[in-house]
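Protein chains in written order, with our numbering: chain H, 43 to 1262; chain Z, 33 to 324.
It should be emphasised that the hints constitute simulated quantities derived from the structure, not laboratory data.
No experiment lies behind these values; they were computed from the predicted model shown.
Heads up, the beta-carbon is just placed ideally off N, CA and C, and yes, glycines get one too.
Some clues are possibly wrong.
[Unchecked claim] Only pairs whose alpha carbons sit at most 30 Å apart, straight line, appear in this in silico DSS-like list of lysine-lysine:
hint, chain 1, residue 1, chain 2, residue 2
1, H, Lys650, H, Lys594
2, H, Lys440, Z, Lys233
3, H, Lys561, Z, Lys287
4, Z, Lys267, H, Lys453
5, Z, Lys287, H, Lys1056
6, H, Lys1052, Z, Lys287
7, H, Lys1050, Z, Lys287
8, H, Lys962, Z, Lys189
9, H, Lys995, Z, Lys297
10, H, Lys995, Z, Lys119
11, Z, Lys307, H, Lys962
12, H, Lys560, Z, Lys307
13, H, Lys770, H, Lys759
14, Z, Lys287, H, Lys1092
15, H, Lys560, H, Lys490
16, H, Lys484, Z, Lys189
17, H, Lys560, H, Lys594
18, H, Lys454, Z, Lys307
19, H, Lys995, Z, Lys270
20, Z, Lys297, H, Lys490
21, H, Lys484, Z, Lys233
22, Z, Lys233, H, Lys560
23, H, Lys1062, Z, Lys297
24, H, Lys995, Z, Lys287
[To be verified] Examples of chain H residues toward chain Z, derived with CB under 7 Å:
hint, residue
25, Gly619
26, Thr621
27, Pro954
28, Met979
29, Ser996
30, Phe998
31, Thr1003
32, Ser1013
33, Val1041
34, Arg1120
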Amino acid sequence: MLTKFETKSNRVKGLSFHSKRPWILASLHSGVIQLWDFRMGTLIDRFDEHDGPVRGVHFHMSQPLFVSGGDDYKIKVWNYKLHRCLFTLLGHLDYIRTVQFHHEHPWIVSASDDQTIRIWNWQSRTCISVLTGHNHYVMCASFHPKEDLVVSASLDQTVRVWDIGSLKKKTSSPVDDILRLSQMNSDLFGGVDVIVKYVLEGHDRGVNWAAFHPTLPLIVSGADDRQVKLWRMNDTKAWEVDTLRGHMNNVSCVMFHPKQDIIISNSEDKSIRVWDGTKRTGLQTFRREHDRFWILAVHPEMNVLAAGHDSGMIVFKLERERPAFAVSGDSLFYAKDRFLRYYDFLTQTESQALTIRRPGSTTLNQSPRTLSYSPTENAVLICSDVDGGSYELYVIPKDNIGRGDNLQEAKKGLGSSAIFVARNRFAVLDKGNNQVLIKNLKNEVVKKSGLPVTTDAIFYAGTGNLLCRSEDRVVIFDLQQRLVLGDLQTPFVRYVVWSNDMETVALLSKHTIVITNKKLVHQCTLHETIRVKSGAWDDNGVFIYTTLNHIKYCLPNGDSGIIRTLDVPIYITKVSGNTVFCLDRDGKNKTIVIDATEFIFKLSLLRKRYDQVMSMIRNSQLCGEAMIAYLQQKGFPEVALHFVKDEKTRFKLALESGNIQIAVASAKEIDDKDHWYRLGVEALRQGNAGIVEYAYQRTKNFERLSFLYLINGNLEKLSKMLKIAEVKNDVMGQFHNALYLGDIQERVKILENAGHLPLAYITASVHGLHDVAERLASQLGNDVPPLPEGKEPSLLMPPAPVTCGGDWPLLRVMKGIFDGGLDSIGRGAVDEEEEEEDAGGDWGEDLDVVDVDGLQNGDVTEILEYGEVAEENEEEGGWDLEDLELPPEVDTPKVSGGARSSIFVAPTPGMPVSQIWIQKSSLAAEHAAAGNFDTAMRLLNRQLGIRNFAPLKSMFLDLHTGSQSYLRAYSSVPVVSLAIERGWSESASPNVRCPPALVFNFSQLDEKLKAGYKATKAGKFTEGLRLFVSILHTIPLIVVESRREVDEVKELIIIAKEYVLGLQMELKRREMKDDPVRQQELAAYFTHCNLQMPHLRLALQNAMVVCSKAKNWATAGNFARRLLETNPTNENQAKAARQVLQAAERNMTDAVQLNYDFRNPFVTCGATYVPIYRGQKDVSCPYCTTRFVPSQEGQLCSVCDLAVVGADASGLLCSPSQIR
Amino acid sequence: MAAAAAPDHLFNLRNNLYLGSYQAAINNSDLPILSSEDAVERDCLVYRSYIALGSYQLVINEIDSSAATPLQAVKLLAQYLSNPHDKESIIASLKEWLADPAIGNNATLRLIAGIIFMHEEDYSEALKHTNAGGTMELHALNVQIFIKMHRSDYAEKQLRVMQQIDEDHTLTQLENAWLNLAVGGSKIQEAYLIFQDFSEKYPMTGLILNGKAVCCMHMGNFDEAETLLLEALNKDAKDPETLANLVVCSLHLGKSSSRFLSQLKLTHPEHILVKRASSAEDSFERAVQSVA
């Protein structure tokens, strides 16, 4: 039982839940009815009008009403909104035991000790039926939730079921009610409306309670015979089904659970019992020490129950509703019913992963409590309270996710909590010995470790660490070092939520959230008035959490706020962006989109990311008093300024942030004295004399204005002020100004005009204005005041201003991002675009081959077509692979030891992997990788007739170097080298050697080929030649897998060879500037190499130009024709070709004879560069297949520079598939 | 297996040494209240860290002749490594000590003997002293020797012994990873996971990064290996294994390896890769001669 709320009071006799709000009514033996909010734990109201105990109380389903019935024979209907009793129904002649509203009709049913049950219409406030038949106190009566039935229980040992169908018919028209009133008395005895349908006899003592099943035709009753009986009924009869025995005293109340198949009863034996509705066995018993139970109530919607006892009541749950779950990356595992389910946050799909329990074993609170998941091993630990705390370990079969119908035998163990602490280790808490057992996935104990504090639960705290919880503190314990890494006093921690980077942790208690770093250094604490349920960290380090009815956030500095309200509690599993993923109490995955603006804004402020702040201000609706207050409080009035439209607030904020311009603007809008005054004060503080002056002017505050002018030294304005004062007839003002100005005559004049002649006289005479003084003296006549004696008068003159007017050097108001930022942010992007430079290729410009400018910059990649190259290489059968000499190298030092130690005999060294390689292989590259250059060369010689190995040296060395990796092992121990193998796969079995990984592969050659094409196109012939030659040099050491690739390699040889030959001729041609004939010939031969189309065009164009320059028009014309036949895409090329063709047609002759007959097919000799026409004798290179004139036999092939022309060879062997 | 005794004060120090964060081991060696035995072990670990960092002379100077046997053994190792020309005399005195029944059975001495004979590539002599085991380190060294001898079957047996003693010990895990790499196949994945665990649990070291990188290379994932190795290079630009592996990795990626190679040749002319390369050049020439 999970107690949610408890009250202490007088005996509770009646209880009723509100259907929507978290409220419960408790009627007490003292006559008081209490209305509680059981979620917040507060007493909302109390109703004290009954005289004596109130035994029955009931909320109305939809109206703000409840009904109560007491020992004062009164039924009272109350409106809880109005906090008062609306009316009282009188009629019962004895204590009223229960009262209940009908769910639909305006009826109340009441049961009374006067042996009657009465049904009242609370709208007409009349009794519409009296149900008689019981011959003792009626202890309880209630409507059927759907049908027209009433069940009642009485001390006459019977349970009765009443049919009230007729009542319903009669009241179909409301007018009837009044008509029926007159019939009341006749109905009182032997009523015709309501008839007893069944009388259920079976209890041997008085029956205290009877209740209908919410859906099935079942009744449950509890009686003073200490038994709970289950009854079934059909249309015609009702009968006893079973008896539940176990209570030790009178059963007070019994009812069916609205959702589960269980029966709950309580009794004067101070216990609440839970029974299985099908098996009819006791499931659980909860006892109280001293209090007898009197009443039960179930909530119609939520999963809560309440029970009233001698000294109060309890609101409780039978089972936890929080689904156990574990989050790992983008997956969520959670327990639902008897399955472990899997949810993917990315795709938002869910599937069954495992069956975790056999059906039928659902006892209370045995469902999984926590889950722990190890992603690498795909294993799940499920902890539950079964057997007083135990865990089950399952490994989720990888291929089975999604089906999940298999039932795996779990590895089990006892322990109150179990969590993974490493990939394949989990810790199990052994509370008894206060230690943890570290186990492996076979459920074997690997290690035991005592715990530093008395621990009642353990949580994950990073690999190898545990977070141990005790009553009032948590510690982080390193299992390997056995050290306490962190320690913190906290309220009782229920859940622990780590941030994604494992740097921060939120410790969730019932009413508090403590956020600390990974060493448990306290960062902030939040207090909630209602229960904290769950939480998760968002990507920005904001903690999003739920209470019973809110989603809230907590910033790293401890600021928190509400994001939204919730109707039902949810359990957050993950927060991603502004989506909150959560599980509800039914174990359904939900996503809630939240408005993250507020907390992201606050976070940006906190992190001083003002650019974000600004963009948020501009793009979102973020106003409201709360936000402004927050900004002010946090010291960002200038930010708040941007939100505010209300001028007064604006003004206030502007002053606070010292932004005088905005303050002035606002003050103008508001234009009242007080604001001007405040503006003046602030401006004065800042020394902004202009604004001060303006403010004083607006408020017509002349004294201040004058004084301002005085201290500013603005004499001109001061004298203006004097005049103004004069106009206004403000003598005092005039005088002040005159004083400030040091204008004595004026002062005297003022005094005189004001009638202060003595003063005027004294002023004049003291300041030496004798003529005026005399005039005044004459006016004064006898009243000439005596001048002070013995005093040395001095001239009172204000100091002459050094400078005049203007503002003082102003305090620099920080021109922060908020001022400039508002305007300038939009600009940044534009500038960057201009930086885009004209990335140009200078590759084309030095192409001196062709006279025509503008080679097209076409894409080079498009032209990779191998199809055209004819396959000439025919395989010859019957290689003699057997006779390869592969001497096994037995150069490992002979072990001489052994004899020296009598006990221990050191094993003989095993065979190095490299040796295994050469034994298995007849591929030259693999031998080279193994370091067996000798055999590698023999192989190459045999297969390809290669004799010149010098060009291959670096490749041999690279292959060898690349075949091993180096592992520094134990400190100061020689490094371990490991052979790198090719074709690794996850399923490869260990200890079986694969061939070596080679540093050259086919795709690299592909790259080289493309680069070669590019270089050729760009006219960088030396570069191109180098690339093609290097292709030819690499191929002997290439290993490919499939036959198809072998063919591709062979094709590549031909392509490379053609280019090498062509480019060699072209380079040769360029050297022979002085031999135009040979030049033309070479250019002509070049066009007969098998080239890519764009290259062929260039070659043709080249030959055409060379020949036409030499006036060999016929030949040039031929090239031009061939060029046009290729449909050149470049217009310049085509144009030039057409021009040459026209010229040639006019003059079909050649100036010089060339050794070139384009009608006769030929190949070019690779060494002498002369055509070998079809039918002529030739020899070829065994490797690259270049043809040579017979005289070259025995020479090194000048194209590939590797093989000997005309040598015997078995052919290229570059794939294991050729050997199979 | 015993339930927790006192906290293991030297745990971090040892771990740092095993995982190759030698400077961290030295820096954090100032531990409070240690028993005299622990203090000697602490000093051994610190001096071995210095040796691993190449500060041989410091070790030789600081350990005087009155120091305990384990320290003397460590000093011997420093002398051996610092002085490649005078190995004979050092090996002679080592053998002399080993023959001394009073100290010959000291675990540290045997460990050092194992290491020195490993350098001498006299594996059977090394095993003579280490095979009896006794400490995790000796067992670990045995595994190393067997791997070197290409006898993974024996190595596996040793590893099983270690696993029985303490499966979660850093050395057990490390040796497991190394052996997994040596046997190859699907075990490489496991080795990777072990290094991954280390990288989550402890600060990244060159050793862990290299371990991961080697796993990646063996799995054919040279791009990731390169990333890891460059990260390791950031930590220690002179680490020979990082450089050597970078050479190999670059070769496989078709990139130029000459920079790393010349760096390695400069800083560690004795490295196995350099030696292999030069001997390969010789054997190439020889092969050319023989084929021609």
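Checklist entry - Was the hint right that Arg1120(H) lines chain Z, CB cutoff 7 Å? => result Hint violated; Arg1120(H) Cβ to chain Z Cβ min 35 Å, cut 7 Å.
Item to check | Pairwise hint evaluation, Lys287(Z) against Lys995(H), where the allowed Cα distance is 30 Å at most | outcome: 18 Å, holds
Checklist entry - Under the criterion that the straight-line Cα-Cα distance not exceed 30 Å, is the pair Lys561(H), Lys287(Z) satisfied? => result 44 Å, violated
Item to check | Restraint check for Lys297(Z) with Lys490(H), where alpha carbons must lie at most 30 Å apart | outcome: 49 Å, violated
Item to check | Hinted pair Lys770(H) and Lys759(H), Cα distance within 30 Å | outcome: It holds: about 16 Å lies between the C-alpha atoms, which stays within 30 Å.
Checklist entry - Do the numbers back the hint for Phe998(H), that is, is its least Cβ distance to chain Z under 7 Å? => result Because about 6 Å separates Phe998(H) from the closest Cβ in chain Z, which is inside the 7 Å limit, the hint holds.
Next on the checklist: Can you confirm whether the C-alpha distance between Lys560(H) and Lys307(Z) stays at or below 30 Å?
Outcome noted: This hinted pair is violated, its Cα atoms lying about 47 Å apart.
Checklist entry - If you draw a straight line from the CA of Lys484(H) to the CA of Lys233(Z), is it 30 Å or shorter? => result Holds. Lys484(H) to Lys233(Z) sits at ~23 Å (cutoff 30 Å).
Item to check | Per-residue hint verdict: Pro954(H), partner chain Z, C-beta under 7 Å | outcome: Because about 6 Å separates Pro954(H) from the closest Cβ in chain Z, which is inside the 7 Å limit, the hint holds.
Next on the checklist: Against the 30 Å threshold, does the CA-CA distance of Lys307(Z) and Lys962(H) hold or violate the hint?
Outcome noted: 26 Å, holds
Next on the checklist: With the threshold set at 30 Å, check whether the alpha-carbon distance from Lys287(Z) to Lys1092(H) stays at or below it.
Outcome noted: 25 Å, holds
Checklist entry - Are the Cα atoms of Lys995(H) and Lys297(Z) separated by 30 Å or less? => result Since the Cα atoms of Lys995(H) and Lys297(Z) sit roughly 19 Å apart, the hinted pair holds (cutoff 30 Å).
In summary, the numbered hints that this structure violates are 3, 4, 10, 12, 18, 20, 23, 25, 26, 29 and 34.
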